[in-house]
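Both chains are sitting in their own frames, so use the hints and assemble them into the complex.
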Amino acid sequence: KQEVTQIPAALSVPEGENLVLNCSFTDSAIYNLQWFRQDPGKGLTSLLLIQSSQREQTSGRLNASLDKSSGRSTLYIAASQPGDSATYLCAVPNYGQNFVFGPGTRLSVLP
Amino acid sequence: ETGVTQSPTHLIKTRGQQVTLRCSSQSGHNTVSWYQQALGQGPQFIFQYYREEENGRGNFPPRFSGLQFPNYSSELNVNALELDDSALYLCASSSRDGIGEQYFGPGTRLTVT
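As you go down the protein sequences, you meet chains D and H in turn. Quick note, the working numbering runs 79 ahead of the 1-based positions in the first sequence. Going by the working numbering, the residue at position 84 of the second sequence is 80; the numbering climbs one at a time, nothing skipped.
Chain H with its partners taken away, still in its complex shape (with noise of 0.2 Å):
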């Protein structure tokens, strides 16, 4: 059974670019989330896809967008990127709409300058 994956690990962008992030979801589960870490605080959920279809928004402006392919593996996009962007997205998959047991990938370090 593969875990969660997420490429790339470390990637640095300029303000005003664009950026897409991957997640691989762990054998079996059909739901991915994504949350943004900032340094010192939890995760903050972003969205949520549940069988390609987008099943929950947190408070994120909508320059924050996403898929989830029919293998459930998923993207975050993120445009006109902003200085306070700079974070950890981490990616969880699990198996019941989001409400079972997640399991997180290792994230990605994104640094915009």
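Next up, chain D with everything else stripped away, as it sits in the complex (with noise of 0.2 Å):
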């Protein structure tokens, strides 16, 4: 059964911060890894998505990369703003049928 972790669960970082979010998962033999972005009460908006023959994908100032081998994904958000604050989440493939998610890692992102 395909398991998920975030960490930090929560990150609070003056803007201008480049930081990182990691997911672990514990079946590697996944087609591919979405993260999203969720806003309080709302729903999750896709940020990127990468293929399990991909390595890192990126959009913006947002870097999603994969490391199926070691069960790792990390999304890395350079210069960080206010407007980056929400809740980030990835999401895996389990057996083709539905996608598993972390618990998320919330961040807040202080001007």
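Hints listed in this document are in silico derivations from the structure and should not be mistaken for laboratory results. Each hint should be verified, as a subset may be incorrect.
[Stated by the list, open to error] Derived lysine to aspartate or glutamate pairs resembling DMTMM-like cross-links, with alpha carbons at most 25 Å apart:
(1) D:Lys121 x D:Asp146
(2) D:Lys121 x D:Asp163
(3) D:Lys80 x H:Glu50
(4) D:Lys80 x H:Glu49
(5) D:Lys147 x H:Glu97
(6) D:Lys121 x H:Glu97
[Claimed, not checked] Some residues of chain D that are not near chain H, with every Cβ distance over 10 Å (derived):
(7) Ser103
(8) Thr105
(9) Ala108
(10) Lys121
(11) Ser132
(12) Arg134
(13) Thr137
(14) Arg140
(15) Asn142
(16) Ser149
(17) Thr153
(18) Pro182
(19) Leu189
(20) Pro190
For clarity, every value in this text was computed on a predicted model and none was experimentally measured. Where is the CB? At the ideal position from N, CA and C, for every residue including glycine.
Here you go:
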């Protein structure tokens, strides 16, 4: 059974800092890994999808890497802004039927 | 291209009642998955529909049921509501049996009193 963990659970940083969020999964036989952002009480916004054949994906100030062999992914956020404050979730497929989510990292960027 | 939509936005029900939540998938997507997200936790998989058939189910009791229609929109029905059913219910659509990129709707906040 696929299990996903994320560290840290919460993070508070001053504006402008670069930061790294971590995601670990137990079964490395995955098709892809997806990072999401969730604002309080809202749905999920897809940030990046990394296919199993890729090692990283970039979108603006976001960069996500994937190391299947070690069961890890990192989300790097450059030059953080108060608008980046949200919960960040990673998700991996569970034997092709659905995604298993981590508990999320709650990020607060202080002005 | 229209995104995933869900209705209603918020809902308050009494324990023991029944509720129906609705989801319209993104244009071109044939797979819909439903998730339950309790406060402070990641979403938990309820079930998935692919081309109108249930295509996998998470650890939820039979009182959670669903439908997918020919236009790929979907319903989630919950019978005999319990207090623990209070959560944000999320619908996601995708185009490849649920393993492609998933696009989520805004969710329905259900409160059971």
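We went through each hint and held it up to the structure:
1. Proposed proximity of Lys121 (chain D) and Asp146 (chain D) is contradicted: the alpha carbons are some 30 Å apart, above 25 Å.
2. For the hint linking Lys121 (chain D) to Asp163 (chain D), the alpha-carbon distance of about 15 Å falls within 25 Å, and the restraint holds.
3. The hinted pair formed by Lys80 (chain D) and Glu50 (chain H) meets the criterion: a straight-line CA distance of about 20 Å does not exceed 25 Å.
4. Straight-line distance between C-alpha atoms of Lys80 (chain D) and Glu49 (chain H) comes to about 23 Å, which keeps the hinted pair within the 25 Å bound.
5. For a cut-off of 25 Å, the pair hint linking Lys147 (chain D) to Glu97 (chain H) stands: about 18 Å separates their Cα positions.
6. For the suggested pair Lys121 (chain D) and Glu97 (chain H), the alpha carbons sit about 19 Å apart, so the restraint of at most 25 Å is met.
7. Chain H leaves Ser103 (chain D) outside its interface by the beta-carbon criterion, the shortest separation being 13 Å against a cut-off of 10 Å.
8. With a minimum CB-CB distance of about 15 Å to chain H, Thr105 (chain D) clears the 10 Å threshold, and the non-interface call stands.
9. The non-interface label for Ala108 (chain D) is consistent with chain H: the shortest C-beta to C-beta separation is roughly 12 Å, beyond 10 Å.
10. A Cβ of chain H approaches the Cβ of Lys121 (chain D) within 10 Å, the least distance being about 6 Å, so the stated non-interface status is violated.
11. With a closest Cβ-Cβ approach of about 14 Å to chain H, Ser132 (chain D) is found to remain outside the 10 Å limit, as its non-interface label requires.
12. Its beta-carbon lying about 18 Å from the closest one in chain H, Arg134 (chain D) satisfies the requirement of being farther than 10 Å from that chain.
13. Residue-level check passed: Thr137 (chain D) sits 16 Å from the nearest beta carbon of chain H, beyond 10 Å.
14. With a cut of 10 Å on Cβ distances, Arg140 (chain D) stays outside the contact zone with chain H, its closest approach being about 20 Å.
15. For Asn142 (chain D), the shortest C-beta to C-beta distance to chain H comes to about 18 Å, beyond the 10 Å cut-off, and the non-interface label holds.
16. The beta carbon of Ser149 (chain D) sits about 21 Å from the closest Cβ of chain H, which is more than 10 Å, so the claim that it is off the interface holds.
17. The non-interface label for Thr153 (chain D) is consistent with chain H: the shortest C-beta to C-beta separation is roughly 18 Å, beyond 10 Å.
18. The Cβ of Pro182 (chain D) does not lie farther than 10 Å from every Cβ of chain H; its closest approach is about 5 Å, which violates its non-interface assignment.
19. For Leu189 (chain D), the requirement that its beta carbon stay farther than 10 Å from each beta carbon of chain H is met, with the minimum near 21 Å.
20. Against chain H, the non-interface label of Pro190 (chain D) holds: every CB pair exceeds 10 Å, the least being about 25 Å.
Violated hints for the displayed structure, listed by number in ascending order: 1, 10 and 18.
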